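Kindly produce the complete structure, drawing on both the sequences and the hints.
Those sequence lines, one after another, are chains R and B.
Residue numbering for the first sequence follows our numbering, beginning at 1 and increasing consecutively.
Residue numbering for the second sequence follows our numbering, beginning at 1 and increasing consecutively.
Any given hint could turn out to be false.
Stated by the list, open to error - In silico lysine-lysine, PhoX-like type, Cα no more than 25 Å apart, as pairs:
id: 1; chain 1: R; residue 1: K85; chain 2: R; residue 2: K291
id: 2; chain 1: R; residue 1: K151; chain 2: R; residue 2: K32
id: 3; chain 1: B; residue 1: K201; chain 2: R; residue 2: K226
id: 4; chain 1: B; residue 1: K198; chain 2: B; residue 2: K291
id: 5; chain 1: R; residue 1: K103; chain 2: B; residue 2: K103
id: 6; chain 1: B; residue 1: K290; chain 2: R; residue 2: K109
id: 7; chain 1: R; residue 1: K226; chain 2: B; residue 2: K262
id: 8; chain 1: R; residue 1: K16; chain 2: R; residue 2: K56
id: 9; chain 1: R; residue 1: K64; chain 2: R; residue 2: K226
id: 10; chain 1: B; residue 1: K9; chain 2: B; residue 2: K64
id: 11; chain 1: B; residue 1: K32; chain 2: B; residue 2: K109
id: 12; chain 1: B; residue 1: K182; chain 2: R; residue 2: K198
id: 13; chain 1: B; residue 1: K151; chain 2: R; residue 2: K198
id: 14; chain 1: R; residue 1: K151; chain 2: B; residue 2: K198
id: 15; chain 1: R; residue 1: K201; chain 2: B; residue 2: K226
id: 16; chain 1: B; residue 1: K24; chain 2: B; residue 2: K64
id: 17; chain 1: B; residue 1: K64; chain 2: B; residue 2: K290
id: 18; chain 1: R; residue 1: K201; chain 2: B; residue 2: K290
id: 19; chain 1: R; residue 1: K198; chain 2: B; residue 2: K262
id: 20; chain 1: R; residue 1: K182; chain 2: B; residue 2: K198
id: 21; chain 1: B; residue 1: K109; chain 2: R; residue 2: K182
id: 22; chain 1: R; residue 1: K109; chain 2: B; residue 2: K182
id: 23; chain 1: B; residue 1: K226; chain 2: R; residue 2: K198
id: 24; chain 1: R; residue 1: K56; chain 2: R; residue 2: K32
id: 25; chain 1: R; residue 1: K201; chain 2: R; residue 2: K4
id: 26; chain 1: R; residue 1: K198; chain 2: B; residue 2: K198
id: 27; chain 1: B; residue 1: K32; chain 2: R; residue 2: K198
id: 28; chain 1: B; residue 1: K32; chain 2: R; residue 2: K182
id: 29; chain 1: R; residue 1: K201; chain 2: B; residue 2: K4
id: 30; chain 1: B; residue 1: K198; chain 2: R; residue 2: K262
id: 31; chain 1: B; residue 1: K103; chain 2: R; residue 2: K182
id: 32; chain 1: B; residue 1: K109; chain 2: R; residue 2: K290
id: 33; chain 1: B; residue 1: K221; chain 2: B; residue 2: K4
id: 34; chain 1: R; residue 1: K64; chain 2: R; residue 2: K24
id: 35; chain 1: B; residue 1: K109; chain 2: R; residue 2: K291
id: 36; chain 1: B; residue 1: K16; chain 2: R; residue 2: K201
id: 37; chain 1: R; residue 1: K109; chain 2: B; residue 2: K291
Source of the hints: derived by calculation from the structure; they are not laboratory data.
Treat the numbers as computed from the prediction; the structure is a model and nothing was measured.
There are 2 protein chains.
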Amino acid sequence: MTYKLIDGKAISDQIKSEIAEEVKQMIANGQKQPHLAVIIVGHDGGSETYVAHKVKSCEQVGFKSTRIAFEDDVTEEVLLAEIDKLNRDPDIDGFIVQLPLPKHISEEKVIEAIDYRKDVDGFHPVNVGRMVIGLPCFVSATPSGILELLKRYDIPTSGKNCVVIGRSNIVGKPVALLMMQKAYPGDATVTVCHSRTKNLKEICLQADIIIAALGSPEFLKADMVKEGAVIIDVGTTRVPSSETKSGFRLKGDVAFEEVAPKASYITPVPGGVGPMTIISLLRNTLLAAKKTIY
Amino acid sequence: MTYKLIDGKAISDQIKSEIAEEVKQMIANGQKQPHLAVIIVGHDGGSETYVAHKVKSCEQVGFKSTRIAFEDDVTEEVLLAEIDKLNRDPDIDGFIVQLPLPKHISEEKVIEAIDYRKDVDGFHPVNVGRMVIGLPCFVSATPSGILELLKRYDIPTSGKNCVVIGRSNIVGKPVALLMMQKAYPGDATVTVCHSRTKNLKEICLQADIIIAALGSPEFLKADMVKEGAVIIDVGTTRVPSSETKSGFRLKGDVAFEEVAPKASYITPVPGGVGPMTIISLLRNTLLAAKKTIY
Numbered sequence: 001m002t003y004k005l006i007d008g009k010a011i012s013d014q015i016k017s018e019i020a021e022e023v024k025q026m027i028a029n030g031q032k033q034p035h036l037a038v039i040i041v042g043h044d045g046g047s048e049t050y051v052a053h054k055v056k057s058c059e060q061v062g063f064k065s066t067r068i069a070f071e072d073d074v075t076e077e078v079l080l081a082e083i084d085k086l087n088r089d090p091d092i093d094g095f096i097v098q099l100p101l102p103k104h105i106s107e108e109k110v111i112e113a114i115d116y117r118k119d120v121d122g123f124h125p126v127n128v129g130r131m132v133i134g135l136p137c138f139v140s141a142t143p144s145g146i147l148e149l150l151k152r153y154d155i156p157t158s159g160k161n162c163v164v165i166g167r168s169n170i171v172g173k174p175v176a177l178l179m180m181q182k183a184y185p186g187d188a189t190v191t192v193c194h195s196r197t198k199n200l201k202e203i204c205l206q207a208d209i210i211i212a213a214l215g216s217p218e219f220l221k222a223d224m225v226k227e228g229a230v231i232i233d234v235g236t237t238r239v240p241s242s243e244t245k246s247g248f249r250l251k252g253d254v255a256f257e258e259v260a261p262k263a264s265y266i267t268p269v270p271g272g273v274g275p276m277t278i279i280s281l282l283r284n285t286l287l288a289a290k291k292t293i294y
Numbered sequence: 001m002t003y004k005l006i007d008g009k010a011i012s013d014q015i016k017s018e019i020a021e022e023v024k025q026m027i028a029n030g031q032k033q034p035h036l037a038v039i040i041v042g043h044d045g046g047s048e049t050y051v052a053h054k055v056k057s058c059e060q061v062g063f064k065s066t067r068i069a070f071e072d073d074v075t076e077e078v079l080l081a082e083i084d085k086l087n088r089d090p091d092i093d094g095f096i097v098q099l100p101l102p103k104h105i106s107e108e109k110v111i112e113a114i115d116y117r118k119d120v121d122g123f124h125p126v127n128v129g130r131m132v133i134g135l136p137c138f139v140s141a142t143p144s145g146i147l148e149l150l151k152r153y154d155i156p157t158s159g160k161n162c163v164v165i166g167r168s169n170i171v172g173k174p175v176a177l178l179m180m181q182k183a184y185p186g187d188a189t190v191t192v193c194h195s196r197t198k199n200l201k202e203i204c205l206q207a208d209i210i211i212a213a214l215g216s217p218e219f220l221k222a223d224m225v226k227e228g229a230v231i232i233d234v235g236t237t238r239v240p241s242s243e244t245k246s247g248f249r250l251k252g253d254v255a256f257e258e259v260a261p262k263a264s265y266i267t268p269v270p271g272g273v274g275p276m277t278i279i280s281l282l283r284n285t286l287l288a289a290k291k292t293i294y
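What follows is the structure, given as structure tokens:
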């Protein structure tokens, strides 16, 4: 089969231009510049890279951005006070707290402290609950990025068997809920598999669409995939590499070389789902600035 | 196969006794009597029966209950004002608004107006979202009743293939999420099927557990069920009947007579999932009174 590569980088660049155009119009109309704040705690390499990338993307689309950094010994109290300040600041349209947080700080408490109307990461229970019910809300980045890719490539989903591997709160569960909703993309028959699943290979072989989000490099092999399946790879595990400057490279959950020839569409890693996650954040911030949802 | 009937009525009576015992202890310890309020709008026959049953069940377990009735021409404004009053009333531990509501009133607005800490129906986005994330919350009645039945009958769920037929917000989606969570009951491989599903029979034949919640009488036939499957019937469609005083009887989504001989466990209708829904409401009210969750 000749597979088609789903180019998340290209789609992401295209959507960035669309957002930049809209921001330009907003400002020309005398509206306020959208403003995203990002809180980062400590010096985790991955987190610093992600946050730098988010700040840079804000610049690219014409958003104002504020980066607020704390050392990793910051108290929960101080962090919650900062969140409260951002909740009240009328210039801040949306903000996120980059995860993970140091162990002495409760991620649950932090997420619930964010005003759900500024929760552009879509992690607050109100946004999660509204997504389940099918109400307008901030959908979290990865699930929303996956749906956008399916949409931009016109991939049919109605009545398709969609297998989601992984049941995490930030990918597996929400993407499963979105894929089963009465909408496009959606209307799929969705199966959620995880570590306790016994007949995974058999289940995957019946899938028209596989969303692999378990975080295990090259887990999905060719013998688990039906000819013509659509493969969405959410995995981004850093593995050591002597070939890159950084000393590591990203590996997906799919054994790309062997799976691609059987697929109709497939996302690469990097350059597939990854670049889309930033798009969802930018889009949620734009929606917050325009007060479209709340 | 000799099937085992899942006796929801017996389990429900047993749990009522357990709750009544706990309430007696609470009052003996000088604690406040748990207090549930129920708002009913109009004179829908089904709703009036349900509400009467809820009020009676409160009596049976020693709760105080308040029934607040509005005519079906009540304005949304008046209804929301009553909700606000109940939100502020410290004697009311939990309350529900019996659905459906007349068309001129937004159910969404009504549900979101309820303080989630008193939302013992578990319909508020905060409770739905917390359920998805796996945080303590008020779980809605039917999903929680189904899990309780599986638990009381010691039915294994880990690694089992569970097929949910129906994707409603009050049954299909939440029960699917609960069955996939890392817990018992749960840890199942869950497939959600619905009107757009193409190969339903094939999918059902692979199921160890089938939860039928589509509201189509006797939809699930023997040829869709694997020998030894566990069958949970959530359907309660009223069909006309000359054999009952009321002039109708309840029909489940399962063709019981033909499916039962193939099942290992099966719930009857009535007397299966139905009686359990009231239990979840009582239990949520007790949790609210004890401030266990919020």
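Hints breached by this structure: Per hint list: 2, 4, 5, 7, 9, 11, 18, 27, 28, 29 and 36 violated.
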